[in-house]
Each structure stands twice: as C-alpha cells, then as structure tokens.
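Enquirer: Each chain, letter by letter, is given below.
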Amino acid sequence: MKDFGFDGNCDKFPVGMAYVPWQQFDKICDNLEEGFRDGTIFPELNKPFTGRRCVKC
Amino acid sequence: MLSQEGMRMLNDISIVDFVLVDLSLYLDTHPFDQEAMEYFNHYVRIKNKMSRDFSMRFFPLTTDQAESKKEWRWGTAPLPWEGEC
Amino acid sequence: MWSYERRLQFPVNIKEPNAQLAQAIISQFGGPDGELAASMRYLSQKFATPYKEVAGLLNDIGTEELGHLEIIGAIVFQLTRNLCMEEIEKSGFDKYYVDHTLGIWPQAAGGIPFNACEFQSKGDIITDLFEDMAAEQKARSTYDNILRLVDDPDVCAPIRFLREREIVHFQRFGEADREDCSKSAIT
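So the protein lines, in turn, are chains A, B and C.
For the first sequence, the numbering used here begins at 1 and goes up steadily by one.
For the second sequence, the numbering used here begins at 1 and goes up steadily by one.
For the third sequence, the numbering used here begins at 1 and goes up steadily by one.
Where hints are given, some of them may not hold.
[As the list claims (entries may be wrong)] Dumping the calculated DSSO-like pairs for lysine-lysine here, alpha-carbon to alpha-carbon at most 27 Å: (1) B:K70 <-> B:K49; (2) C:K52 <-> C:K122; (3) C:K122 <-> C:K138; (4) C:K46 <-> C:K138; (5) C:K138 <-> A:K47; (6) B:K47 <-> B:K69; (7) A:K27 <-> B:K49; (8) B:K69 <-> A:K27; (9) C:K90 <-> C:K15.
[As the list claims (entries may be wrong)] Covered stretches of chain B (in silico footprint by chain C; criterion: 3 or more residues with CB under 8 Å from a CB of chain C, positions within the stretch not fixed): (10) 35 to 48; (11) 52 to 62; (12) 75 to 81.
I should point out that these hints are in silico values taken from the structure, not numbers from a laboratory.
The beta carbon of each residue, even a glycine, is placed where N, CA and C say it ideally should be.
Use the sequences and the hints to build the structure in full.
Expert: What follows is the structure, given as structure tokens:
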C-alpha cells in the first residue's frame, strides 16, 4: 500500500477518539461552472470516482 | 418550455446558489473566516438580483416572488422534476 | 421552517428511459443509505445537539439532503416515464409496478420500505456525528456502485454531483466533531 508520508502528528493526539483534519480555506475553483458540475467549489475536496464506467461524462 | 435564454439564466442561478451552499457549510464550521464571508456576501447579492430578474421575466422561483394579477404565477410555473426532455 | 425554491439543485434531463437502472437508483430515494434517511437523520438529531453551531450545520445539511431527495426522485421518475408494458415486464420492474404503477415510493432497491430503523438519533452529539460521518460514506459507496452500473451521461452527471456532496458533508461532520471533542469530555 502506498505510504503518503504523513508526518505522524496524529499519533500524538489522545487515543479513543477519531479526527478529521480541518480544511484550510485556500481558494475556490477558478471556473465556477466546473465546480458546480464536480459538486464542490473547493478543489482540495474534489475526489472524483475513477472506477469503471462514468469516469467523466 | 423555457426559452434558451431562460435556461441559461436558470443555469447561472444554480451555479451561483451552489457557491452559496458550499460556502455556507464551510462557514458553519469556520464561522470566523473573513475571506469566506466576503465571497459569500459578494455572491449572495448577485444571486438575489439574478433570482428577482428571472422571476419577473419567466416564473417565480419562490412564493415571495409570486405576485400575480390574472393567473396564479406560482401554481402555473413549470415543475422542475419534469426536465426539458 | 422550510421554503421551496422551484428548481432542482442540479438539473436532471434524461432522454432514455431505463427501468432496470431505476430499480437500483431508487435505493438512494428510500434505502438505508439514501437521501431521505440522511435528511431525517440530521433533522432529527439537531434538536438534542448541545452546540448551536453543530445544530445549525445539521439543519443546513438536512435541508440540502431534501433537495437531493428531489433530484433522485426526478431521476427515477424520468427513467420510468412512458415505459411500455413489455419493458416493464422484461426489466423486472413489474414487481414494483404492481404496487405503485409509475409512482415514486420510498424503498430500497431490494424492496425494504423506508423506515426509521435505517437511522439513529442517539442524543449524544459525538455518537450522532460519527453516525453521520458513516452515513455519508455509505451514501458515497452507494453512488460508487451506481456509477459502476450507469453508462448514460444524462444519469451520470447528477449522480457524480450527489456523490461529491457526500464527501463534502463527511468533511463538515468531521470538523463539527473536532469542535465537540474540544468542548466536551466523554463521561
């Protein structure tokens, strides 16, 4: 499995709980119509389906 | 059936409103983000104007835009789930 | 309270009916990981939420999910519009047709009717938020499965949109949970 090399900071967090990193607002997408079709104006949250069929309509 | 121009205006309203929705959820969890608030304020003004213009020319999008004279404009407006096909 | 805006959040214009696909997609209307379940889950949980910001988020996402319910309803409606009897029989849609004709009724693809057992409102904000994060992942998974079954771009476009919304909602619930965990201790 690919190691994304996260610096393991989350291992210092208290155990017995789960954490989602805070989104840091950088910018919204340049092409708003494309953001609308993709389902988000935040490029870092855009995680499209890449399986078989309907990859890009 | 809505004209080409009406469809284009409705498409633009959908895009701007979507920006507002995505920004409002972000602001719900980041209530002090100034930059996001500025974007929101900018687009909310645009959306309100576009929505009013659309409802005057084509059909009301909300009941508060549905001032009517001879025919109940809200009731006779198209049903959005029927599509254009 | 709610007001209605007379447009779909994302347009649905399907040219080709497809009863078989409709039977799968109806799961996102009335199924356990579908939009109605999502909406009712969040709109129920909001009342017992101790923090205003989190209650506000539940309300906003619950409201958006009602709009998504409408999109899925429009997709199933347009996929089954004007079907001929031969198509209804051949596709296996006859079992649904006999009880609902071409009406839209909230059920899962396997036939289980929508019911409140499909969600929890535990009254514990940390529990509820993890329930919500799991719900968003289950919905995203269901959309992955639907995308594997679809090759019609008219259907693909709204489904891809709805799938991405689940990912964004997951992030927001996760952030709300970070807020709660920093304010409350589990006792």
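Enquirer: Decide, hint by hint, whether the structure agrees.
Expert: Here's how the hints hold up against the structure:
no.: 1; hint: B:K70 <-> B:K49; in the structure: holds, 25 Å
no.: 2; hint: C:K52 <-> C:K122; in the structure: holds, 17 Å
no.: 3; hint: C:K122 <-> C:K138; in the structure: holds, 19 Å
no.: 4; hint: C:K46 <-> C:K138; in the structure: holds, 20 Å
no.: 5; hint: C:K138 <-> A:K47; in the structure: holds, 16 Å
no.: 6; hint: B:K47 <-> B:K69; in the structure: holds, 26 Å
no.: 7; hint: A:K27 <-> B:K49; in the structure: holds, 25 Å
no.: 8; hint: B:K69 <-> A:K27; in the structure: violated, 46 Å
no.: 9; hint: C:K90 <-> C:K15; in the structure: holds, 20 Å
no.: 10; hint: 35 to 48; in the structure: violated (count 0)
no.: 11; hint: 52 to 62; in the structure: holds (count 4)
no.: 12; hint: 75 to 81; in the structure: holds (count 4)
When each numbered hint is compared with the structure, violations occur for hints 8, 10.
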